[in-house]
Every structure is written in C-alpha cells, then in structure tokens.
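Heads up, the sequence shown is in full-length UniProt numbering, so the first residue is 1 and it goes up one at a time.
It is worth saying that the hints were derived from the structure and are not from the lab.
Among the clues, some could well be false.
Straight line, CA to CA, 25 Å or less: simulated SDA-like cross-link-like pairs of lysine to any residue [claimed, not checked]:
| no. | residue 1 | residue 2 |
| --- | --- | --- |
| 1 | Lys86 | Gly141 |
| 2 | Lys102 | Gly21 |
| 3 | Lys102 | Asp17 |
| 4 | Lys57 | Leu11 |
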Amino acid sequence: MSQHDESLPPLIEWSQDLSVGIQEIDDQHRVLVDLLNQINEAIHSHHGSDASQAILKELVDYTKIHFAVEESLMRVLGYPGYGEHKARHEELIHEVEALQDKLLSGKKGLSFELLHFLKMWLTKHILTEDMSYAPFFLEKGVLPGSPRLSPGRRLWQFVTASGRRQDQE
Numbered sequence: 001m002s003q004h005d006e007s008l009p010p011l012i013e014w015s016q017d018l019s020v021g022i023q024e025i026d027d028q029h030r031v032l033v034d035l036l037n038q039i040n041e042a043i044h045s046h047h048g049s050d051a052s053q054a055i056l057k058e059l060v061d062y063t064k065i066h067f068a069v070e071e072s073l074m075r076v077l078g079y080p081g082y083g084e085h086k087a088r089h090e091e092l093i094h095e096v097e098a099l100q101d102k103l104l105s106g107k108k109g110l111s112f113e114l115l116h117f118l119k120m121w122l123t124k125h126i127l128t129e130d131m132s133y134a135p136f137f138l139e140k141g142v143l144p145g146s147p148r149l150s151p152g153r154r155l156w157q158f159v160t161a162s163g164r165r166q167d168q169e
C-alpha cells in the first residue's frame, strides 16, 4: 500500500448530520457508508475490478435489505409517503444495478462515475427522503434506540455469514 493510500480520506464520513435518530436505521446507514468507503478504497488502491465488484454486490444486497426494513416499518406504521418512498427505492436499485452491469462489462471510467453516483445518492437519500419519515416513525412509537438485535440486522448477519462461509470453501 502506498503512502497516498494510507491517507485516503473516507468518501463519506458518518456524522450526526446523517442520523435519523432511530438506532436501527442509523446502524444500517452506517453499514452503507462503510461499504461505500470500502469501494472507494478498493478503486483508489487499484485492488482491481474483482474487489470493487464484490463490495458493490454486498452494497446492493445490503441496500435491498435496508430498503425492505424501511418499507416494512412504513407499511406497519401507515406512513403516508410509503408509495412514493418505495418507488424511489425501486428506482435507485435499478440505477445501481445498471451501473453494476456497466462495471461487469468493463466500461472504462465507470469507477469514478459509480463513486460519485453512490455518494450523491446515499447522502441525498438520507438527508432528504429518510429524514422526512423519521419524525413520523418516532411519533408512532418507534424507539430511538433498541438494545436487541432487530430482524433486519439478524437477516443481514445470516446473509453475510453464509457468504463468508461459501467464500472460504
């Protein structure tokens, strides 16, 4: 690793500005930020497209789980913006999968296009769309912090543990 790589700042640094005030959602957003920073590191450190593709796949998979958790809460709580929020989730997944397909086909310059898109998408989605449902969730009784492991977190741990076991075989 070169000196430049060691000092590479994160693409996104988690801060309270990104917090929606609900621990489960914030924890999931932290994972998304971490995965995006891992893609940034892989691209800038020239780890190769295989590393970037593997992390991107993990990011897409986790994003789908995160969106499912948000959408489940919205349905259960009767969030009035559910349909619009779900449609935006579907649009974002489609856009990311299209970029993922370009990456798999070896399109040059995509790495930085992908980083820019993902950074803008994640920060904008959290700061505008996710912040808009947080007060509604809290008003409906969703607790800001939860000491137990939620179903979404348990599912993600199962998925990632299964994937790691398969990689080791």
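How the hints compare with the structure:
{"no.": "1", "hint": "Lys86 <-> Gly141", "verdict": "21 Å, holds"}
{"no.": "2", "hint": "Lys102 <-> Gly21", "verdict": "36 Å, violated"}
{"no.": "3", "hint": "Lys102 <-> Asp17", "verdict": "32 Å, violated"}
{"no.": "4", "hint": "Lys57 <-> Leu11", "verdict": "18 Å, holds"}
Against the hints set out earlier in the document, violations occur for numbers 2 and 3.
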